[in-house]
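**Student:** So the sequence lines, in the order shown, correspond to chains A and B. So the first sequence is residues 1 to 396, counted in the working numbering. So the second sequence is residues 1 to 396, counted in the working numbering.
Bear in mind the hints are in silico, worked out from the structure with no lab data behind them.
Selected chain B positions facing chain A (in silico; Cβ < 10 Å):
no., residue
1, L77
2, D100
3, L127
4, E148
5, L158
6, H281
7, Q284
8, V289
9, A296
10, Q299
11, E330
12, H335
13, P356
14, Y375
Where a beta carbon is used, it is the ideal one built from N, C-alpha and C, also for glycine.
2 protein chains.
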Amino acid sequence: MTPPSRLNLPCAPDDPALTTPCLLLDEARMAGNIARFNRHLARQGLAARPHLKTCKSMAAAQRILRTPAGPATVSTLAEAEYFAARGVTDICYAVGMTPDKLERVLALRREGTDLSVVLDDPVTVALLDAAAKRLCTAEDTPLPVLLELDCDGHRSGLDPAGDELLAVAAAVQASPFLELRGVLTHAGAAYACTDTAQIAALARQEGDAVVAAAERLQAAGYACAVRSVGSTPTALLGEYPQGVTEVRAGVYPFMDLTMCGLGVCTTDDVALSVLATVIGHRRQDGALVTDAGWMALAQDRGLDECFARWGFGLPCTLDGTPLPGLRVSECNQEHGIISFRPGEAVPVPALHERFPPGSRLRILPNHACATAAQYDTYHVLRQGQITACWERIRGW
Amino acid sequence: MTPPSRLNLPCAPDDPALTTPCLLLDEARMAGNIARFNRHLARQGLAARPHLKTCKSMAAAQRILRTPAGPATVSTLAEAEYFAARGVTDICYAVGMTPDKLERVLALRREGTDLSVVLDDPVTVALLDAAAKRLCTAEDTPLPVLLELDCDGHRSGLDPAGDELLAVAAAVQASPFLELRGVLTHAGAAYACTDTAQIAALARQEGDAVVAAAERLQAAGYACAVRSVGSTPTALLGEYPQGVTEVRAGVYPFMDLTMCGLGVCTTDDVALSVLATVIGHRRQDGALVTDAGWMALAQDRGLDECFARWGFGLPCTLDGTPLPGLRVSECNQEHGIISFRPGEAVPVPALHERFPPGSRLRILPNHACATAAQYDTYHVLRQGQITACWERIRGW
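If we strip away everything but chain A, and leave its shape as in the complex, we get (with noise of 0.2 Å):
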């Protein structure tokens, strides 16, 4: 299953040594973007709790996370436990809870990780307390909840303004098995937003949604001392209100074409890109054919206008420079077609003259992570040369 290990490292990205595809990353880059965030952050007098979804490495969430401790969120189970696993002790699942899942949650909260949970419907109150009767003991301290707050009708939550939000309060609190912790939201409708301005208002208005929905709760009686709002573009290109306590996002270290076409970074800050050999050409319009098909780069297509222009990714030199007028145009699972855009002047020498069958690229992702996620390694780039391999996990 493993090839070989027959890479010394450091080594240069054109190394045979080196199987394609391969996932680099730009040590120097996510190096600025955390210090960028963390600075943003700090100038509001807030701090975050990193969504360690889009890394799934230790590696990285080292340099990602405040203190080895956390906090941090993550979106899985296998995410809470090899992350429990290696020090991490306070952590959010952000992802709805169901009772079926409180067997590990307890298993976790019970080697000493502070895993708090999130939920907004009254049934799975009811579901979860019931499945704590059976699966909790004396020595089990109360299961930390936030409750999901709807902030702009993307996903799920509940309404901050709404009847059911106290209810499910109410809930909680008559369980002997559930303690209220707080309040969480999302603003997932900055993907959908078409100016930085737009994504700035959803900030506040993110900000806004878990602050009026903890004014309610601690005036009807019930604690309510975290107030989690978070995504990359509003954390980035927001300010957030008074109260807000932590800020949630995943992407921000690595960045990828999606945060470039909402304004939120340039093509200069994406640190993660696929390493990709080109294995052949076609011959009615000289496309190039390389390694890396969806299998490597996934098949997110991120914003429309971003995949009019890149495709599914945006080839580079192997310094990391776009070369302009190409997109990955096609992708089938092991190959990846890269094609001048429609309109484009085509260049003298022809692709194929220039990137001959053995030679090499760098793919810019759509979405870092979805491509992350078809990796198991992360190669660290440090001016130029891979330095360092980086585990990544992955399922639930």
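Model the placement of chain B on the given structure of chain A, informed by the hints.
**Tutor:** Positioned in the frame of chain A, the structure of chain B alone reads:
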């Protein structure tokens, strides 16, 4: 990283010890699909060289391959190494070969695997010859090469009627490290056909391309024993002309919504599904929110008309019955939104009352290769019970 193994088999798909999302494989449907495929080929006096890029699993391959030793097709050297280590000795690596991959190819051949490679470019031949000079010893037998042909303008490959075919054959012949074994093509254009008659015509075109090229090569004095074709749609909806020697296809054991859309099968034949748990609902439109987002389903949109109908997947009850009018309309990383198609009459009771948090659904995938690639394990379903777990691999 791996959840505690709490699963006692056999179990039902609604067993809370089963973590969702997970990948279900209906063994009886798979057996029926394999039998249909093999019968259809046998009627033409043909045999399969199954493409294991879809299953990536030895347990599945044992049911698919003609003999434990093969023949088989793979799309990565990681697959070749995995299957070779488990006794498959006749393998075609059907993605364009490049010199950086030669060391691993030679290692497999030295361990007794008859691994053949594919190319379509004289530059590749020259680079392979040069790399082989450095890497080969007197004990190495020549590397079998198949020339890739373009039968439909889809991707890479040589024109079966062009001069370059003979030039590349001559270059292969001239290298003491290479041996011409035959020709190979793939009718990728089948996925753009609008009716089954077009696909049947494309099967003939696919076969005609390899037979014509082989005859030209043989007339010019080159060996060309292998004339390899294949795609699941052309293999099942067409018949190949005399002279074709083997058929490569990968999706047919599993099937998917793309195959349904092309008229290759019905939804009753789809053997693969994703098991999801409802985690909530969206207040404003009653859409269900499940824990099967794009990480669980992949982001393949399949055919345009299928995507309009089924979105990212077709929701079914736990026994596999499609739920009328429903589709996976949106996907985030770990959230899948299930809603009624526009114009559908929304039945009573509301969706979130019929499927409250904690309830489970199965979702048929758009593209078996892409969805299966998101998992390390198949949960094998026999008569409604999960009876076994089969590993699968990934990477390059």
